[in-house]
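Number of protein chains: 2
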Amino acid sequence: MKPNILWSMALLLSIGSLCHGGKVLVFPLEGSHWVNMEVLIKAIHARGHMLTVVRTDKSWYIKEKSPYYTSITVPATKGFDEEFVKEGLKVLIDLERGKSSMLNFFKMQLKIFSKMSEAHAMMVEAATNMITDQKLMKTIKESQYDMILTDPAWGTGILLAHHLQLPLVYNVRWITSGEGHFAIAPSPISYIPMMGSGLSDKMTFRERVKNMLFYILALYNDRFVIKPSYQAFCDKFYYPKVDFNDLVQAADLWLNRVDFVFEFPRPTMPNVVYMGGFQCKPAKPLPEDLEEFVQSSGEHGVILMSLGTFVSELPNDLADEIAAAFAQLPQKVIWRYKGDRPTTLGNNTRLVSWMPQNDLLGHPKTRAAVLHGGTNGVQEAIYHGVPVLGFPLFFDQYDNLLRLKERGGTRILSLGTLDRHIFLQALQEVLHDPSYRMNMQRLSRLHRDQPMKPLDSALFWIEFVMRNKGAAHLRTESYRMPWYSYHSVDVIGVLLAAVLLIILIIIAVIRYLCCRVCCNSKIKMKHE
Amino acid sequence: MKPNILWSMALLLSIGSLCHGGKVLVFPLEGSHWVNMEVLIKAIHARGHMLTVVRTDKSWYIKEKSPYYTSITVPATKGFDEEFVKEGLKVLIDLERGKSSMLNFFKMQLKIFSKMSEAHAMMVEAATNMITDQKLMKTIKESQYDMILTDPAWGTGILLAHHLQLPLVYNVRWITSGEGHFAIAPSPISYIPMMGSGLSDKMTFRERVKNMLFYILALYNDRFVIKPSYQAFCDKFYYPKVDFNDLVQAADLWLNRVDFVFEFPRPTMPNVVYMGGFQCKPAKPLPEDLEEFVQSSGEHGVILMSLGTFVSELPNDLADEIAAAFAQLPQKVIWRYKGDRPTTLGNNTRLVSWMPQNDLLGHPKTRAAVLHGGTNGVQEAIYHGVPVLGFPLFFDQYDNLLRLKERGGTRILSLGTLDRHIFLQALQEVLHDPSYRMNMQRLSRLHRDQPMKPLDSALFWIEFVMRNKGAAHLRTESYRMPWYSYHSVDVIGVLLAAVLLIILIIIAVIRYLCCRVCCNSKIKMKHE
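Chains as they are written, first to last, in our numbering: chain A, 1 to 528; chain B, 1 to 528.
These are calculated hints, taken from the structure and not from any lab test.
Watch out, some of these pointers could steer you wrong.
The list cannot tell twin chains apart, which means a pair is met if one copy fits it or any two copies do.
PhoX-like mimics (lysine-lysine), calculated; alpha carbons at most 25 Å apart, straight line [unchecked claim]:
(1) 202 <-> 469
(2) 453 <-> 58
(3) 524 <-> 227
(4) 241 <-> 202
(5) 469 <-> 405
Take the sequences, apply the hints, and build the full model.
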């Protein structure tokens, strides 16, 4: 019997005996976030719990009907905007290639801020629609859910958990205002890089200044762009008054979608469980025609390329350059691409609209992967130990790839100067320099060398919360302190004042004594 | 098959396949610290690894010969001083009962400081004796140990790990200068009580001031009492220069002897593994005569009393008061006591020189335990869910019991006013108020509700370090930063200076412009 089977059996027995079918209310997020939330939902369902997923009537990925959950559909005025992503990508690439101005880039940044603010307002609207729908709230209350599971990059689940007074579990990497750790664990800016800063955990003085500026920007973003709409909801519906950020921090359990093979080591908290790579699994056999194509690569093997859920096409000229580079390789290439067929496409390259990415990454013929750097893809590459050529576009993608680069598992391309020669040279380096593969295989070994599989660990703690009605003993209440108390500013102030007072008294006494001595000698002198 | 057996089998298989018999060099500590280190040593030995224990020729508890380890005996000038503990206890009790002055207490405190400094100097002497014994060092190097396991409350193992360049694992609650967490994880003084302060994690302003003063005292203690002898060793033997505190923080793995059922929740780090209660195990049957005595208690059950490894007797008058209180109870009492037989001893009380404490705590007839509050005993009481009457003497004992008290599992006695009536009343409260038992049983359930047994978890990570030659990816290098960089003091300084400069420039420009306007109008006025 293999160890893994035994672990799973042990988990099954040890949990099964303690926890009967529970009820979980899920507030997921769209897009790639849904991809991994669905993995968790399926696993929770497989353990005999009932799930209800809250979606809006404009939901893009989250289906109304599923064998794994029932759903509640809340009206929303607007859905997620795929066109916006395309537009953003175009501005970005044009800018990097010098075809667009910084002004356009800033305009785009402002547009992104406004879109983010809009998206959060939309989520608050969904929460308002729910909380004011008395019939719906009655049904939910009567359903007696055991906990709420949410991706806190959107705040609806957080708002509703407070209203329903239910234990709250996060499937988290981002919270509404940034990286999750920054909300829950002490995060020294001196060695913890802000997302988007493109910095690692080892910074020069200049880099630390940059990181601090990014931190200040993130604080601004939180206080003035994101929080207001959530806080307005809290002010309207909750009495006694609550601070939205306190609600964010009050979650019972943070199932964090990273681990420290991927993420830089940093302070953490007892109620953070690391489940990075929980979606990874051994490769299944490929569909017959794909397997045939892969096998036809012979000793050279195959290369994958995928730019993730959002980006399925590129500007034509850029796609042509990439295709031309691929055409010069002896390897076979499988490219997930929906745009116009590049004119320079070689016979060795197959365009597909979807690929079984995990199974391909785990295939023994796979030599390298060209990835945009989404968390899911990077974790899968680590799991299977496949070297990566990084093609970051936006969001956290550069930062994710940087984490691989620091460990020697990837080379990162810069969009600005990209042409067929640069692409080919970089890809050949990743293919032929053995250090890339060795480093990725080392990361893979480390990632797998855990006492429990990440998904089993996540399931254990989800059921722990249901069994124990929360995880209060793992959670500090420190977030309820005002910032000046938390940082001991008041205490240090009082102690410094006390020291100052003592010094002043000593000086006063000395002056008084000196004066007395002087006066005495003057009087003496006068008398003499 | 029971889940526990499956877990253990899985652990055995999953680790067994990855890690062949390793070699561990152990630097343990005396007294109660050895009690739990020996548990770990036996468990590591049972997994097929070889252990070598370093002891001094004055070692008190640590035997030279053992079926579990070979030993290296290093010459030392002085052993641990049992008489000193007795003397300290007498001063403490006399003080609390108003029979001694504060002056005596401070004298005792100074003596403790000096004894601590002496003990550390003795450890440095042992390290010096080792490192200068070329034959011994050659043997150790040739033995090719895979890691060093040490209790870092003494620093010998830390010093030698750096010399031998071996991965370093701590069995830790205390480091040389205080509580382990304070050395490795960010520890806001605002809600993390200093040991010895008698504070919980919820403090008033005055308590936070007290905590800060304790923190400053601890810094003083570290810098001026403890560190100097270790630093002198580093300065003498290591080049390039190393800071002893950096060596402390550089350990690969911290196996911490607490968990968050016992300890207040607080920030932690990725390379801290919580193994609180790792020494606890289900009760075995009692020796026949003890079982008979226990059974003779009928429905009333039994009470245990033990004051730990160091304190086996009390001043006669105090022992008489306690015995008199016991004599009035319908329960049977088992009291671990080596002093003179109290004159007031009842028929229901049996004095023993040793007791199978774990088996007694786990016995269904056990109703309560009177404990001094050592970590081992408190963890065992939690494991078995037995309510505790706390009888703290010194070291961390009050703080340990406070953690139980905050969860409603114990009442703490004050030595100063203790007589038979107060002792009896307190004990009866713990026996008859059901909340004490309910709370301890809740803690017991929470403690056992973990995905892995603490000892299995410790073993997994010990073998992880041997397999991977350390755990570098779980350890931040932040401790190598100077404090002003770590706390971003330099960055904030530069940014503030920049802001100030900008303000000054703006003011200067405005003044210049104003001046120009004024001058112009004056000139105009002159011309007019």
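Here is what the structure says about each hint:
1. For the identical chains of this complex, residue 202 and residue 469 are inter-copy neighbours only, at 22 Å across copies versus 40 Å inside a copy, given an alpha-carbon limit of 25 Å.
2. Taking the shortest Cα distances, residue 453 and residue 58 never come within 25 Å of each other, neither inside one copy (35 Å) nor across copies (46 Å).
3. For a Cα distance limit of 25 Å, the shortest separation of residue 524 from residue 227 qualifies neither inside one copy, at 74 Å, nor across copies, at 55 Å.
4. Taking CA atoms no more than 25 Å apart as the test, residue 241 paired with residue 202 passes between copies only; the shortest distance there is 22 Å, against 41 Å inside one copy.
5. In this homomeric assembly, residue 469 and residue 405 come within 25 Å of each other (Cα to Cα) only across copies, at 22 Å, whereas the closest approach inside a single copy is 41 Å.
Checked against the numbered hints above, the structure breaks hints 2, 3 and satisfies the rest.
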